[in-house]
Each structure stands twice: as C-alpha cells, then as structure tokens.
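**Student:** Hey, can you work out the whole structure from these sequences and the hints?
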Amino acid sequence: MIRTLLAGIAFVAIAAAQNKKSPADKFRQLEEVLPTPNDQRTASGAPGHKYWQQRADYSIDVELDDVNQRIVGKGTVTYHNNSPDALNYLWLQLDQNIWDPHSDTYLTETAPDWKKFPLPAFRRHMDDVFEGGYTVGTVRDEQGRELHKHINRTMMRVDLPSPLAPGKSFVFSLDWNYKINNSKRISGRTGAEYFPKDGNWLYEIAQWFPRMAAYTDVNGWQHKQFLGTGEFTLEFGDYKVRITAPNDHIVASTGVLQNPNEVLTAVQRQRLQQAHTAKKPVMIVTEAEATANEKSKPTGKKTWVFHAENVRDFAFASSRKFAWDAQGHTSGSNTVMAMSYYPKEGNPLWERYSTHAIIHTLNVYSRYTFQYPYPVAISVNGPVGGMEYPMICFNGPRPKEEDKTYSARTKYGLVSVVIHEVGHNYFPMIVNNDERQWTWLDEGLNSYLQYLAEAEWEDKYPSRRGDPAKIVEYMTSDSHDPIMTNSESIVDLGGNAYHKVATALNILRESILGRERFDFAFKEYAQRWMFKRPMPADFFRTMEDASGTDLDWFWRGWFYTTDNVDVSIEGIKLYTVDTHNPDIEKPLSKRTQEQEPVTLSAQRNKPLKKRVEEFPELLDFYNSHDEFAVLPSDKKAFETFVKQFEEDERKLFDPSMNFYAVVLKNAGGLVTPVILEVEFSDGKKEELRIPAEIWRRNNLQVEKMIPTRKEIRSITLDPHLETADVDLSNNAWPRKPVRTKFQIFKEDRDKNNVMRELNEEKKTPPPSGGGRP
Amino acid sequence: MRLLPIVLVCVAHTFHVSRTEIDLYPDRTEIVVTLHADDLPLEAESESKVCRYVLDNFAIRDAKLKCLGTKLSVHFVDVFLEGPAAKAPLSVRNRILSREFADQRNIVIVKREAKPLGKAVEFTGEGEWRSVP
Numbered sequence: 001m002i003r004t005l006l007a008g009i010a011f012v013a014i015a016a017a018q019n020k021k022s023p024a025d026k027f028r029q030l031e032e033v034l035p036t037p038n039d040q041r042t043a044s045g046a047p048g049h050k051y052w053q054q055r056a057d058y059s060i061d062v063e064l065d066d067v068n069q070r071i072v073g074k075g076t077v078t079y080h081n082n083s084p085d086a087l088n089y090l091w092l093q094l095d096q097n098i099w100d101p102h103s104d105t106y107l108t109e110t111a112p113d114w115k116k117f118p119l120p121a122f123r124r125h126m127d128d129v130f131e132g133g134y135t136v137g138t139v140r141d142e143q144g145r146e147l148h149k150h151i152n153r154t155m156m157r158v159d160l161p162s163p164l165a166p167g168k169s170f171v172f173s174l175d176w177n178y179k180i181n182n183s184k185r186i187s188g189r190t191g192a193e194y195f196p197k198d199g200n201w202l203y204e205i206a207q208w209f210p211r212m213a214a215y216t217d218v219n220g221w222q223h224k225q226f227l228g229t230g231e232f233t234l235e236f237g238d239y240k241v242r243i244t245a246p247n248d249h250i251v252a253s254t255g256v257l258q259n260p261n262e263v264l265t266a267v268q269r270q271r272l273q274q275a276h277t278a279k280k281p282v283m284i285v286t287e288a289e290a291t292a293n294e295k296s297k298p299t300g301k302k303t304w305v306f307h308a309e310n311v312r313d314f315a316f317a318s319s320r321k322f323a324w325d326a327q328g329h330t331s332g333s334n335t336v337m338a339m340s341y342y343p344k345e346g347n348p349l350w351e352r353y354s355t356h357a358i359i360h361t362l363n364v365y366s367r368y369t370f371q372y373p374y375p376v377a378i379s380v381n382g383p384v385g386g387m388e389y390p391m392i393c394f395n396g397p398r399p400k401e402e403d404k405t406y407s408a409r410t411k412y413g414l415v416s417v418v419i420h421e422v423g424h425n426y427f428p429m430i431v432n433n434d435e436r437q438w439t440w441l442d443e444g445l446n447s448y449l450q451y452l453a454e455a456e457w458e459d460k461y462p463s464r465r466g467d468p469a470k471i472v473e474y475m476t477s478d479s480h481d482p483i484m485t486n487s488e489s490i491v492d493l494g495g496n497a498y499h500k501v502a503t504a505l506n507i508l509r510e511s512i513l514g515r516e517r518f519d520f521a522f523k524e525y526a527q528r529w530m531f532k533r534p535m536p537a538d539f540f541r542t543m544e545d546a547s548g549t550d551l552d553w554f555w556r557g558w559f560y561t562t563d564n565v566d567v568s569i570e571g572i573k574l575y576t577v578d579t580h581n582p583d584i585e586k587p588l589s590k591r592t593q594e595q596e597p598v599t600l601s602a603q604r605n606k607p608l609k610k611r612v613e614e615f616p617e618l619l620d621f622y623n624s625h626d627e628f629a630v631l632p633s634d635k636k637a638f639e640t641f642v643k644q645f646e647e648d649e650r651k652l653f654d655p656s657m658n659f660y661a662v663v664l665k666n667a668g669g670l671v672t673p674v675i676l677e678v679e680f681s682d683g684k685k686e687e688l689r690i691p692a693e694i695w696r697r698n699n700l701q702v703e704k705m706i707p708t709r710k711e712i713r714s715i716t717l718d719p720h721l722e723t724a725d726v727d728l729s730n731n732a733w734p735r736k737p738v739r740t741k742f743q744i745f746k747e748d749r750d751k752n753n754v755m756r757e758l759n760e761e762k763k764t765p766p767p768s769g770g771g772r773p
Numbered sequence: 001m002r003l004l005p006i007v008l009v010c011v012a013h014t015f016h017v018s019r020t021e022i023d024l025y026p027d028r029t030e031i032v033v034t035l036h037a038d039d040l041p042l043e044a045e046s047e048s049k050v051c052r053y054v055l056d057n058f059a060i061r062d063a064k065l066k067c068l069g070t071k072l073s074v075h076f077v078d079v080f081l082e083g084p085a086a087k088a089p090l091s092v093r094n095r096i097l098s099r100e101f102a103d104q105r106n107i108v109i110v111k112r113e114a115k116p117l118g119k120a121v122e123f124t125g126e127g128e129w130r131s132v133p
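Residue numbers (the working numbering), protein chains in the order written: chain R, 1 to 773; chain H, 1 to 133.
For the record, the hints were derived by calculation from the structure and aren't laboratory data.
You may find that some hints are simply not true.
Think about it this way: if two alpha-carbon atoms lie no more than 27 Å apart in a straight line, the pair counts; the simulated DSS-like pairs of lysine-lysine are [as the list claims (entries may be wrong)]: (1) H:Lys71 with R:Lys460; (2) R:Lys746 with H:Lys87; (3) R:Lys411 with H:Lys49; (4) R:Lys736 with H:Lys49; (5) R:Lys736 with R:Lys746; (6) R:Lys746 with H:Lys66; (7) R:Lys400 with H:Lys49; (8) R:Lys411 with H:Lys64; (9) R:Lys635 with H:Lys66; (10) R:Lys279 with R:Lys224; (11) H:Lys49 with R:Lys741; (12) R:Lys586 with R:Lys573; (13) R:Lys586 with H:Lys115; (14) R:Lys586 with H:Lys64; (15) R:Lys746 with H:Lys49; (16) H:Lys87 with H:Lys66; (17) H:Lys71 with R:Lys404; (18) H:Lys64 with R:Lys746; (19) H:Lys115 with R:Lys470; (20) R:Lys741 with H:Lys115; (21) R:Lys636 with R:Lys590; (22) H:Lys71 with R:Lys400.
Here's a subset of chain H near chain R, in silico, CB distances under 7 Å, partners left out [said to hold, decoys possible]: (23) Arg19; (24) Glu30; (25) Ala37; (26) Leu55; (27) Asn57; (28) Ala59; (29) Lys71; (30) Val74; (31) Phe80; (32) Ala114; (33) Leu117; (34) Glu122.
Just the calculated beta-carbon pair ranges, DEER-fashion [unchecked claim]: (35) R:Val491 with H:Glu113: 37 to 45 Å; (36) H:Ser73 with R:Ala86: 24 to 32 Å; (37) H:Glu113 with R:Leu721: 20 to 28 Å; (38) H:Lys115 with R:Lys710: 31 to 39 Å.
Beta carbons: idealized from backbone N, C-alpha and C, even for Gly.
**Tutor:** Shown next, in the form of structure tokens:
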C-alpha cells in the first residue's frame, strides 16, 4: 500500500513521469496526409460547389451465341464532358483483355508452388490456351468517319477529331466480340456454366462491352490497368440494351424489361403482375417448367429489350434452365421488384431464401443510407461465387447435387452472399467509389452493413465479419496490411478490405461514437455521395464533420498502420489520504505494521526463552513504550497543519477515500478506448468507459485514477470484447487464467461423456441425427 | 521434378488461411488447427475424416499426434490434436489445403502455456520441415 499526501506535488510527479517517454504522436492530425480540400471536395467531406463528374449513355445490341459461347455486340456511346477541361481523346476499358493469352495478368503471375500447379495456368502453359479478350472493330463518329484507336492492354484510347470542349458531348459507335470463359476452366466475375446431365449452358455476363473509363477531378483519366483484383471505376449513364438470345431462354438483366409482350408468355406476364403486390415470392417460371424447358431446343431467337437509368454498369444472365420468382417491395416511394433466377440445382435453397434475402437487404440498408432508388433488384444463381452489378448480382451457393440436402454453412453462406451482393447496390453502384484504387471503400462499408443486416435476420446469426473478437487472427497475422493499400497490392483481400474495415466501423459505432452519432454520420456520407464519386478522405472527413468528433487518430491507427489493440493492466496502486491527524494516522500505522509478514526466523525464534524474561530488571521505558502512542507534540503539529486550510478544505481530508491508480500499457500500438469493469469488495460492479484520448500524451503507458470509498476486488479490461484486443491474458487484475480453445473443447467433451454415460445407464438409444438440416 | 496440376475451386470468400496454434506444456503438447469449413475437400461434419486429413498433412517431427476430435461452428472447423511433451524450437510440416488452393496460407503460432513464443511462421505448402520458435 502506498500512502501519499493528497496535494499538488504528488500528482504532478505522476504526470511528469508519463510525459518523459512521449512516443510518436498518434493523435497528430491527418491534414498532411489527406489531399487539400478544394472546390470539388470540401474540408467537411461533402462534394464542393464545383463538383463535377462525366456521364456516358449507351445504346447496345448484343447477341448471345449459345452454340459457340460468344458475345457479339455493337453499340453507340454518347459521352458528356462535364469537366472544366477540353479532352483530346477518350479512354475505354477492355476488361475481357485480362484473358488475352499475352495479358499483364498472366505476365505478372509469379511462379507457382511447384507441387500445386494451378490447373488453369497449367493448361495455358501446355498450349491448351483460352483465346480470351476482345476483338474490337472500327470505331466511328456520328457521321460514320473512322476514328483512330489505340489499345493499351485492358484500355483503349479513341482519338477525337477535335478537342471535346467542356459541356459538350461526343457520339461514337463501335462493334466487338469475344469468347465467353467456361467457369469450370477459368473462373471469374463472369462466365458460362455447362450442365453435362442436360447439355445446357447458363450464362452470367458482365464486363461484356467496352466501358468508358472514368475521368475524374482526382486522377484525370483512370489509368490503372485491370489486373484482376482492383475492380471498377465507372461513370453513370442511361442504357438501352437489346439482348438477343435463343428463344427458349429466360433473360435476367439490369434495368426494366421494355417488351414483355414479345418475350414472356401470357401466364408469365399475369404471374408477374400478381407478384407486384404479393406478400410472398410468386413463381414466374416454376422449377417444373424450367426442368421441362431444359429438354427443349430453340426454334429461333428472341430479343429482350431493357432500359436502365442512371447506372454505372450493366450485366445480364441467360439460360433455358432458369426458374424465376418475384415479389414487389416498397422502398419509400419507390416500388421495387425483387427477383431471383436459378436452375433446379439451386433448390430447395434458392426458392426459399434468395428473394427474402433481397428484400431484407433493401429494408435494412435503406434505413442506414437512403431509399433504394432502382426499379428492380435481382439475384441469380450460376457459376460466379458472388459478384455485384447495378440491380443484378450473381451468387453461387447450392445444395448438394446428389440428395438436395445442405449444411448450415451453405444456407447461411447463401443468405450472407445475397445480402452482400445486393448490398453492393448501395456501395459502389450508387455511392460510386473508385474500386480500382480502394477496394475497402465499398467492400468494407458493405461488409459492415451486411453485419447489421445479418443481425436482423435471426438471433445468433453466424456472421463471419463484424464482431471485434473475430478480427484478432488477422490483426496478428503476417499478411496484415494497412487498409489504405491499393487494391492490387493487398495480400489478404478478405481479411483487409472486408473484415478489418467492417470491424473497425463496428467498433467506431459501438464503442467510440455511439450508435446515434455514428448512424447519423454514416447516413450523411451515403446521402452526400449518392450518385457521386467519393474518395477515402471524403469518408473520413464526413464521419468527423457529421459526428462532431475528431477521429484522425482512429483513421491513422486503423487505416494507415498494421498496429493492433493490446492493452494490458500492468498493476494497480492504492493511494489514501494522509490526514496528518495523529489520532487517525498512528493507529493506522500500527495496524499496517501488525499486518506485515513475520519472518521465518522470527517465527522460529518466538518459543526461545528470552534473557529479559529471566532478568526483568533489564526491562526499561523503551520496552513498555508504545511507539504508536499519540504524543502532545503530534497533536500540536496537527493543529499547526490544519490551520493552513479553510474549514471547507479540511472536510476533504477524508480517510475513508481510496485513490486507485490502474497502470495500463499499450502493447499493440493502436490507441483505443479503455473499458474497465471494476468489481468492489461488496460484490457490486461499475463500468468505466474512457475515451481513447487517454493515450494522447503517452500512448505507451498511462495510469488511470479511480477514486472510491470502497475497496476494489478486481478489474477486467474490455469485458464485452468490443475493442478487438488480441491478448486477453493481460486484461484482468488480479490476473485470471484465460481458457484456451483446447481447454474449452476438453471440458465440453467431458460434459458430452457424462451425457453419454447417463444415456447408457438409462439404456436408451442416443438421439438420432440426420434428415434434412 | 514432377508437377501435380490441381483444380482451382471458385468460392465466395477470397482468401484461404488455416491457423494452427501449438501450445507446449511440461507434460504434453496441445495443437488446434482452425480451417474454413468451405475449404475442406471432404465432409466438414465427419470428425474421423477431418482428423485423418489433418493428421496426414500436419506433423511435428518425432512426435506421434493423436486427434481428439473436431468442433464445427458453421463457417470454421477446429481440429484438436495432442502429442507428447516437446520443447521449442519444433520441427513442423504443414501442407494443409496446399494442394487444393494455390493461394493457401498456413500460419503456425507456438505458445508455451498459452503465451506466444515469438512471431507466427507461415508455411508455403511445399511439405518442407521447418523450425518454428
């Protein structure tokens, strides 16, 4: 126990000790790192009064060649130059060129692990080459004059006859074709799946036309080549697309079908009408009808016409295998058709869960951002594991083919991936961030909202990402990168751009800002940048501006470093008030002395006969004097001491007050709020929630004072596991053993054995498992 | 050198990591291998198959390991192994899922009585024996 004078000197000494080892300033403002605000992007994180973005409208005719698995297209692009700059040329993106045999994607592949040569790469090197990539025909202006083009790998420059002035538009046309990748051989975000049992194909078609590259106030023309990881940076526009497919196909697409009378049967149209106001999904094409359709042969072609307004991309799916269900949903003043398309191989999972998951996503996401503005939201089952496009997404999970059963993992995998991919309509399809540069700005924000949506699906939903305790593994791994790492350079994309961001935002919401402030700021960001292109600084600044909180330390630590949270309770000191009152202090000193341990020698010497007992005349004053007796001089000294203070100040000398100092060490580097659960000797508990700014003067070690009249029995740091602390073994005073996974497993196993024993005693058969989960 | 082509599987999640914690006690060695259930090339629910698979692909030199069982929590499988007492540094082989996924990462962490001993070690999956702290 340490006793000290309750006066300025003692506490100044502690504060000075904290300042001595002042390390790097983790609370330094980010203004030297973030771009300087300007008229396009303000210091508050909002679009500036001179914000601009380009626009591109498309009119396309495309044919799906089901015999040769090819896309053949031609179209007209109307490019609107809303920038203040005159443009001499336009850049387009040719994403299919990553499958050109000579692409940078292949050239920059590093050597494989020789004992596990990936089959697609093996095929390529064994001359079984997939001849992917675009063949682009002549590019012509509105008058039919040929325009010079230059292809630079996954990008194509079109030279303009004269500079395109600000505020002007330019119309040009082109044609193209390419071979569709067979997903079994080369998987990707798009592709075709072959079903050998019935001989049919299912197509999920994306990145299928030359798309305008983005021209922005931040980077000029987007000039990072597509290598396969960093996704897309696109401009908004209106699309008119005519998709020609075999006449027994069902086509699902971005946009609204313009010619239902030409492509749907009367029964299908009537069911679709019914679905608009239905309370449950309505089958437009039943599984039985789809199965019957599998056996058909096309007798010709049909052209499906779709229009989509204000979208940044366009995708579609097509097959004669599709079952199709739909249900109308109201999002604010907007009526949305939620629809799912799937082959019979997707059932019974898909007809039960997909459309429900779409509507659930629209409900939850709209509450945290803005009302879903598009007329349809579609989920398609096919070869792509999970990929998003405006109004339509592709999702992979299916039951087992042989018996149609499925595991809990598959079921929740489907619900989660539908939530995630439909959720991408909000980020980045509407809040149009630059994915080629920053994957996290949509994947991370979307994973965070996915976590919220899963929590509202059912109790104890097995979410993979969002709970702070689940990120610990990544935060301590060798593959941990800063979140602010370019999309193509991230080692562990899932851990970094999805998981770490979702967790960081969850911590920011629950433990730093609180739900009300966070939700307001997050919605403000979504609404400010709806149909615009935000950059990371716009997100950071808006969250601070709208929450009224300086979060530079949070972005710096969580987004720019690989530090982790590891706070340790190093010890506890107790200070009590020195009253100087001899009537209080001397008995206290006596008790303290009596409580001191008796040495082993003293214990063993105690029974020895002492000389003073044999010769009592050897005893004198000092043998009988009580060193803790209060002397007149003590009382006088106290009176002199007390006179220094006013009457009200004297009341502060309360001997029952305890001042505990909890010594906290920051072993992980990330500064973080400190949450302490204090248990007192009477068994009562109190929670102390200390903002992260406690670390602002010394981010390595601090002491926190806890004044109380009670005695503290124990202290637990981060009792609700809300900070992603990577080492729980140092989170308690006194130290508590942390049960390892192994111990928990063994204990559970022992419990199971007890059950088994009891069951055996009762001679009853164990409970039977099995059946469809 | 013989080449073994493998099939790449397209799955919704984008990373393949297994994490193995080896905890050394004076009288025994406890090992927990954590895998993503979707990655397993066999039934995650089958304790015996998962045990056999992990024992075939993970080893500590000169230590006979026993699989006590598995625990499946929807997305992840924990596999519990036990062996005789051993001292760090250990010689370890870890090629779990390395044939299934080209980007497989196997992270091994060694602890003594639940306290980490140095940095985690990452295995490339070539089946080599490596010293871990």
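**Student:** All hints, please: hold or fail.
**Tutor:** Here's how the hints hold up against the structure:
Between H:Lys71 and R:Lys460 the alpha-carbon distance is near 18 Å, which keeps this suggested pair within the 27 Å criterion. The hinted pair formed by R:Lys746 and H:Lys87 meets the criterion: a straight-line CA distance of about 23 Å does not exceed 27 Å. Only pairs whose Cα atoms come within 27 Å are accepted, and R:Lys411 paired with H:Lys49 is accepted, the gap being roughly 22 Å. Between R:Lys736 and H:Lys49 the alpha-carbon distance is near 36 Å, which puts this suggested pair outside the 27 Å criterion.
For the suggested pair R:Lys736 and R:Lys746, the alpha carbons sit about 19 Å apart, so the restraint of at most 27 Å is met. Proximity of R:Lys746 to H:Lys66 is assessed by CA-CA distance (about 14 Å); at most 27 Å being required, the pair is judged to hold. Distance hint between R:Lys400 and H:Lys49 is fulfilled; the C-alpha atoms sit about 18 Å from each other, no more than 27 Å. A C-alpha spacing of about 38 Å is found between R:Lys411 and H:Lys64, which places the hinted pair above 27 Å, so the restraint is violated.
Our distance criterion of 27 Å between C-alpha atoms is broken by R:Lys635 and H:Lys66, whose separation comes to about 74 Å. With a CA separation close to 46 Å, the supplied pair R:Lys279 and R:Lys224 exceeds the 27 Å bound. Taking the CA atoms of H:Lys49 and R:Lys741, the gap is about 21 Å. The hint holds against a cut of 27 Å. In summary, the hint linking R:Lys586 to R:Lys573 is supported, as the alpha carbons are separated by about 22 Å, within the 27 Å threshold.
For the given pair, R:Lys586 sits about 45 Å from H:Lys115 by alpha-carbon distance, which is inconsistent with the 27 Å threshold. Using a Cα cut-off of 27 Å, the hinted pair R:Lys586 and H:Lys64 is violated, with the two alpha carbons roughly 66 Å apart. Proximity of R:Lys746 to H:Lys49 is assessed by CA-CA distance (about 20 Å); at most 27 Å being required, the pair is judged to hold. With a CA separation close to 18 Å, the supplied pair H:Lys87 and H:Lys66 stays within the 27 Å bound.
Distance check on the hinted pair: H:Lys71 and R:Lys404 sit about 24 Å apart at the alpha-carbon level, within 27 Å; holds. For the hint pairing H:Lys64 with R:Lys746, the CA-to-CA distance comes to about 20 Å; that is within 27 Å, so the pair holds. Between the alpha carbons of H:Lys115 and R:Lys470 the distance comes to roughly 19 Å, so the proposed pair stays at or under 27 Å and holds. Between R:Lys741 and H:Lys115 the CA atoms are separated by roughly 13 Å; this keeps the pair inside 27 Å, and the hint holds.
In summary, the hint linking R:Lys636 to R:Lys590 is supported, as the alpha carbons are separated by about 20 Å, within the 27 Å threshold. Between H:Lys71 and R:Lys400, the direct Cα distance comes to roughly 22 Å. Compliance with the 27 Å bound is thereby established for this hinted pair. Taken as an interface hint, H:Arg19 checks out: its beta carbon lies about 6 Å from the nearest beta carbon of chain R, inside 7 Å. Residue-level restraint check for H:Glu30 holds (minimum Cβ-Cβ distance to chain R is 4 Å; threshold 7 Å).
With 7 Å as the threshold, the beta carbon of H:Ala37 comes within range of chain R, its nearest partner Cβ sitting at about 5 Å, so the hint holds. Annotation: H:Leu55 was flagged as interfacial toward chain R, and the flag is violated, the nearest CB pair being 17 Å apart, outside 7 Å. Given hint, H:Asn57 at the interface with chain R, is violated; its Cβ is 12 Å from that chain's nearest Cβ, farther than 7 Å. Residue-level restraint check for H:Ala59 is violated (minimum Cβ-Cβ distance to chain R is 16 Å; threshold 7 Å).
Taking 7 Å as the C-beta cut-off, the interface hint given for H:Lys71 holds, the closest approach to chain R being about 6 Å. For the restraint placing H:Val74 at the interface with chain R, the shortest Cβ-Cβ distance is roughly 4 Å, inside the 7 Å limit, so the hint holds. The beta carbon of H:Phe80 comes within 5 Å of a beta carbon in chain R, closer than 7 Å, and the hint placing it at the interface holds. With a cut of 7 Å, the hint placing H:Ala114 at the interface with chain R holds, because the nearest CB-to-CB distance is about 5 Å.
Checking H:Leu117 against chain R by beta carbon gives a least distance of about 13 Å; that is not within 7 Å, so the hint is violated. Satisfaction of the interface hint for H:Glu122 is found here, the shortest Cβ-Cβ separation to chain R being roughly 5 Å, below the 7 Å cut-off. Here the CB-CB span from R:Val491 to H:Glu113 is close to 31 Å, at odds with the stated 37 to 45 Å. The hinted range of 24 to 32 Å is not satisfied by H:Ser73 and R:Ala86, whose Cβ atoms lie roughly 59 Å apart.
About 22 Å separates the C-beta atoms of H:Glu113 and R:Leu721, a value consistent with the hinted range of 20 to 28 Å. Remark: the range hint 31 to 39 Å for H:Lys115 to R:Lys710 is upheld by a beta-carbon distance near 33 Å.
Checked against the numbered hints above, the structure breaks hints 4, 8, 9, 10, 13, 14, 26, 27, 28, 33, 35 and 36 and satisfies the rest.
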